[in-house]
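Just so you know, the sequences run in chain order F and R.
Residues in the first sequence are numbered from 1 upward in steps of one, following full-length UniProt numbering.
Residues in the second sequence are numbered from 1 upward in steps of one, following full-length UniProt numbering.
Since the hints were made in silico from the structure, they are not lab data.
Treat the numbers as computed from the prediction; the structure is a model and nothing was measured.
Honestly, I wouldn't trust all of these hints.
Claimed, not checked - To spell it out: a stretch of chain F is covered by chain R in this simulated footprint if at least three of its residues, at any positions, have a beta carbon under 8 Å from a beta carbon of chain R; those stretches are:
| hint | region |
| --- | --- |
| 1 | 45-59 |
| 2 | 66-72 |
| 3 | 156-167 |
| 4 | 187-199 |
To be verified - Restraint ranges, calculated between C-beta atoms of paired labels, are given here:
| hint | chain 1 | residue 1 | chain 2 | residue 2 | range |
| --- | --- | --- | --- | --- | --- |
| 5 | F | L237 | R | E123 | 42 to 48 Å |
| 6 | R | T305 | F | L165 | 33 to 39 Å |
| 7 | F | V193 | R | D62 | 29 to 35 Å |
| 8 | F | A168 | R | I214 | 47 to 53 Å |
| 9 | R | A23 | F | W189 | 48 to 54 Å |
By construction, the Cβ of each residue, glycine as well, lies at the ideal position given by its N, Cα and C atoms.
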Amino acid sequence: MNRQIKTFVFYALVVGVVLFSVFPFYYAIITSFRSGQELFNPSVFPTSFSIGNYFSIFKEQPFGLNILNSVIVATSVVILSLIIAVTASYALARIHFRGRGLLLMTILSVSMFPQVAILSGMYELIRSMGLYNSLPGLIIPNTVLTLPFTVWVLTTFMKELPKELEEAAVVDGASPLTIVRRIFLPLMWPAMVTTGLLAFIGAWNEFLFALTFTLSNEVRTVPVAIALMSGATEYELPWGNIMAASVLVTVPIVVLVLVFQRKIVAGLTAGAVKG
Amino acid sequence: MTLALQQDGSATRKVKRSNLSSARLRAAWLFLTPMMIALAAVAGWPLLRTIWLGFTDANLIDLSESQFIGFENYLAFYDGEAYGVLVDAEWWNAVWNTLWFSVISVGLETLFGLIIALILNAEFKGRGLVRAAVLIPWAIPTIVSAKMWGWMLHDQFGVINEILLGVGIISEPVAWTADPSTAMWAVIMVDVWKTTPFMALLTLAALQMLPGDIYEAARVDGINPIRVFFKVTLPLIRPAIIVAVIFRSLDALRVFDLIYVLTSSSTSTMSMSVYARQQLVDFQEVGYGSAAATLLFIVIALLTTITVVAGGLKSGEGDQA
Numbered sequence: 001m002n003r004q005i006k007t008f009v010f011y012a013l014v015v016g017v018v019l020f021s022v023f024p025f026y027y028a029i030i031t032s033f034r035s036g037q038e039l040f041n042p043s044v045f046p047t048s049f050s051i052g053n054y055f056s057i058f059k060e061q062p063f064g065l066n067i068l069n070s071v072i073v074a075t076s077v078v079i080l081s082l083i084i085a086v087t088a089s090y091a092l093a094r095i096h097f098r099g100r101g102l103l104l105m106t107i108l109s110v111s112m113f114p115q116v117a118i119l120s121g122m123y124e125l126i127r128s129m130g131l132y133n134s135l136p137g138l139i140i141p142n143t144v145l146t147l148p149f150t151v152w153v154l155t156t157f158m159k160e161l162p163k164e165l166e167e168a169a170v171v172d173g174a175s176p177l178t179i180v181r182r183i184f185l186p187l188m189w190p191a192m193v194t195t196g197l198l199a200f201i202g203a204w205n206e207f208l209f210a211l212t213f214t215l216s217n218e219v220r221t222v223p224v225a226i227a228l229m230s231g232a233t234e235y236e237l238p239w240g241n242i243m244a245a246s247v248l249v250t251v252p253i254v255v256l257v258l259v260f261q262r263k264i265v266a267g268l269t270a271g272a273v274k275g
Numbered sequence: 001m002t003l004a005l006q007q008d009g010s011a012t013r014k015v016k017r018s019n020l021s022s023a024r025l026r027a028a029w030l031f032l033t034p035m036m037i038a039l040a041a042v043a044g045w046p047l048l049r050t051i052w053l054g055f056t057d058a059n060l061i062d063l064s065e066s067q068f069i070g071f072e073n074y075l076a077f078y079d080g081e082a083y084g085v086l087v088d089a090e091w092w093n094a095v096w097n098t099l100w101f102s103v104i105s106v107g108l109e110t111l112f113g114l115i116i117a118l119i120l121n122a123e124f125k126g127r128g129l130v131r132a133a134v135l136i137p138w139a140i141p142t143i144v145s146a147k148m149w150g151w152m153l154h155d156q157f158g159v160i161n162e163i164l165l166g167v168g169i170i171s172e173p174v175a176w177t178a179d180p181s182t183a184m185w186a187v188i189m190v191d192v193w194k195t196t197p198f199m200a201l202l203t204l205a206a207l208q209m210l211p212g213d214i215y216e217a218a219r220v221d222g223i224n225p226i227r228v229f230f231k232v233t234l235p236l237i238r239p240a241i242i243v244a245v246i247f248r249s250l251d252a253l254r255v256f257d258l259i260y261v262l263t264s265s266s267t268s269t270m271s272m273s274v275y276a277r278q279q280l281v282d283f284q285e286v287g288y289g290s291a292a293a294t295l296l297f298i299v300i301a302l303l304t305t306i307t308v309v310a311g312g313l314k315s316g317e318g319d320q321a
């Protein structure tokens, strides 16, 4: 009897947690399929099915272009930061040198920077380089924003690889660059996928820089486009369109996270707990 | 004879090794240069400029026309009246909002994260599915979750009001995000929804590293599971939880997008980051806004330093042992 109650309470908790986690996304999906008057029906079950909202976000505004911008920015950020971070993390994880601890602590502190603290200086820099309102003007600040995190996580992973592999290569007279390329890179692929994915998600979601350093709708990334979606009049918010756009940009990320969930958890714990 | 040869051999090895290690050292600095340039040129320089602009009367319309005015953005007196960020009631309101938001939401996230981690740590059918479901809020972009909740919390057509009215908890629709008395709670709820998975995962990682035999022994001895939790589990996972709490707190202190999108620039929820950006961009007061941003930076830098020093000391001890 007691045992049954315990089991019941446990499963009730599980159901509650699942409902609370999934419901808002579920509700966004069913709202995105509602249109016209149906939109103002606050029922929690699907009542109608129309894909009109999904068409109108591409017709009424350059949402396709916004998605392309986000893809370009996030991909460039991942590639750039991984290239810089792999060699840097090799040096930090594998070579003993003076000031290594200090450097690691500096990197960790930079990753905790409040973005707004570099906003005016960055704005000036972007303007003076002629990159205001352009994609490179988003790629550069985002790469720097991601870099400390990427370096930190890759260093944590690289520290855990066995010493013997490297020693054998050193005895054979391999140069450090060869060691990184031929020995560590193949071993680091899983970690690089994880780190790259987390960096991608970060760049995909970034809002403050994307909002401040762009002006026209054509160079906006997805989060800014969604945040600034407006209706025909000032008082009318196109909730159907907003929900359709939201679902569209979230589904790929959710799928990625669910597919790679074990790796992501490993990356998050390497990034946070071991810090 | 053989001895001399041996000595000779070890000497060459020593020379070889020191050559090697100096080559490695050179390589190390070479490898680190791109990262350090990137960090210095794009994170260091803008930070210094922001701090400098905080001492000027810079305006967004023409940044080159700025003059050094000392601490006037922070505090200045004209005809016996005080001006500046440090005496701005709205700034202190933003400080208070940020602190309140950080303490409450991180507190709730830690509690819920712990509960969810304990659930996920138990063995039951469908655990993988539940774990995947819990991850979904974390995967959703902040802007999207702000918009989703904004719609669900809508005063007239929102499903939250509909459900609460149906159950009978409220008697008339509430304007959750517009009413000053509920707006902050709305923001906190969305943040808790979005970041509890992060806490749960970090706590779960700590739970799964616990040695199983302790629990076996406790079960054999018939010790109450609740007692085991408070006496054994909690003390063992406490370090991991503390680290997670610090990381989340530093994150919460710079909160921007969620508040900006969910409640726009309402004073009842304005955070320090929202305040600074409003001064910088909306009011075009770059000097004044930079001063506010610098203050936020100082607050976070202080907390980070304390964290890093405390954490660094601890890991140093670990290395020696």
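Violated constraints from the hint list, given by number and in increasing order: Result: hints 1, 2, 3, 4, 7, 8, 9 break, sorted rising.
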